[in-house]
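In order, the protein sequences belong to chains A and B. Under this note's numbering, the first residue of the first sequence is numbered 5, with each subsequent residue one higher. Under this note's numbering, the first residue of the second sequence is numbered 11, with each subsequent residue one higher.
It is possible that part of the hints are untrue.
[To be verified] Pairwise CB distance ranges (calculated):
{"hint": "1", "chain 1": "B", "residue 1": "82", "chain 2": "A", "residue 2": "46", "range": "15 to 23 Å"}
{"hint": "2", "chain 1": "B", "residue 1": "40", "chain 2": "A", "residue 2": "23", "range": "21 to 29 Å"}
{"hint": "3", "chain 1": "B", "residue 1": "44", "chain 2": "A", "residue 2": "18", "range": "17 to 25 Å"}
{"hint": "4", "chain 1": "B", "residue 1": "24", "chain 2": "A", "residue 2": "67", "range": "16 to 24 Å"}
{"hint": "5", "chain 1": "B", "residue 1": "55", "chain 2": "A", "residue 2": "31", "range": "25 to 33 Å"}
{"hint": "6", "chain 1": "A", "residue 1": "32", "chain 2": "B", "residue 2": "24", "range": "27 to 35 Å"}
{"hint": "7", "chain 1": "B", "residue 1": "25", "chain 2": "A", "residue 2": "21", "range": "25 to 33 Å"}
{"hint": "8", "chain 1": "B", "residue 1": "98", "chain 2": "A", "residue 2": "46", "range": "12 to 20 Å"}
Bear in mind the hints are in silico, worked out from the structure with no lab data behind them. For glycine and all other residues, C-beta sits at the position ideal for the given N, C-alpha and C.
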Amino acid sequence: QVQLQASGPGLVKPSETLSLTCDVSGDSISGNYYWAWIRQTPVKGLEWIGSIVHDGRTYYSRSLKSRVTISVDTSMKQFSLKLSSVTAADTAVYSCARRGPTTGIGSWGPGILVTVSS
Amino acid sequence: DIVMTQSPLSLPVTPGEPASISCRSSQSLLHSNGNNYLEWYLQKPGQSPQVLIYLVSNRASGVPDRFSGSGSGTDFTLKISRVEAEDVGVYYCMQSLQTPLTFGQGTRLEIK
Numbered sequence: 005q006v007q008l009q010a011s012g013p014g015l016v017k018p019s020e021t022l023s024l025t026c027d028v029s030g031d032s033i034s035g036n037y038y039w040a041w042i043r044q045t046p047v048k049g050l051e052w053i054g055s056i057v058h059d060g061r062t063y064y065s066r067s068l069k070s071r072v073t074i075s076v077d078t079s080m081k082q083f084s085l086k087l088s089s090v091t092a093a094d095t096a097v098y099s100c101a102r103r104g105p106t107t108g109i110g111s112w113g114p115g116i117l118v119t120v121s122s
Numbered sequence: 011d012i013v014m015t016q017s018p019l020s021l022p023v024t025p026g027e028p029a030s031i032s033c034r035s036s037q038s039l040l041h042s043n044g045n046n047y048l049e050w051y052l053q054k055p056g057q058s059p060q061v062l063i064y065l066v067s068n069r070a071s072g073v074p075d076r077f078s079g080s081g082s083g084t085d086f087t088l089k090i091s092r093v094e095a096e097d098v099g100v101y102y103c104m105q106s107l108q109t110p111l112t113f114g115q116g117t118r119l120e121i122k
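Pulled out of the complex, with its shape left as it was, chain A reads as follows (with noise of 0.2 Å):
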């Protein structure tokens, strides 16, 4: 059974770098799936920011594509999101999450809440 943690700073000033990492344990980072980060508030509820696959092709929203990164490191079974350029407009919550090409996002890591404030 595969689990994922993401972690990082709670914290984020404006205009600065936000920074999470996720783990995955339990299952290869290797497989035919895409990693995905995905974050959630009141106000637009759920939003896809990305997805990568473990060869390093990445898809990002459309709306973020300008501020994302996403990266994977296969040998620390890790993948990675950088958002750049935050606003408060990026406060949320963030998740790491595993999908398979056609059976849904089938494992989501606890989200973090990340808040973007002076």
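Keeping the supplied structure of chain A fixed, place chain B upon it in accordance with the hints.
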């Protein structure tokens, strides 16, 4: 981006009674391979979402058979044949036909 619209947004249900949630997409979710890429998720209070249904009507592992999905193209429905107390939470549809993946606004199911 494909816009997903759910209704109703709030759904009070008596235990043992059926419930139905509608999800409409702004574009067809039918792939050339014949599959419609529509999924349903339930987010129980204090938990991360969990997948219920994928490819419109396929129940995820461990999902009770009182949950069923149907639809094609742009109109989809999630049905619960007999609601139980543990079904409380927010239900989301999500399209996975194309990126960006997009979710509906959510439907909050509560017990009367």
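Do the hints match the structure? See the list:
1. Roughly 32 Å separates the CB atoms of residue 82(B) and residue 46(A), a value that falls outside the hinted 15 to 23 Å.
2. Roughly 39 Å separates the CB atoms of residue 40(B) and residue 23(A), a value that falls outside the hinted 21 to 29 Å.
3. Checking the proposed 17 to 25 Å range against residue 44(B) and residue 18(A) shows it is violated: the Cβ atoms sit about 47 Å from each other.
4. A hinted range of 16 to 24 Å for the beta carbons of residue 24(B) and residue 67(A) is inconsistent with their spacing of about 40 Å.
5. Here the CB-CB span from residue 55(B) to residue 31(A) is close to 28 Å, well matched to the stated 25 to 33 Å.
6. Between residue 32(A) and residue 24(B) the Cβ separation comes to about 45 Å, which falls outside the hinted range of 27 to 35 Å.
7. For residue 25(B) and residue 21(A), the hinted distance range of 25 to 33 Å is not satisfied, since their beta carbons lie about 48 Å from each other.
8. About 18 Å separates the C-beta atoms of residue 98(B) and residue 46(A), a value consistent with the hinted range of 12 to 20 Å.
Violation of the numbered hints given earlier is confined to hints 1, 2, 3, 4, 6 and 7; the remaining hints are satisfied by the structure.
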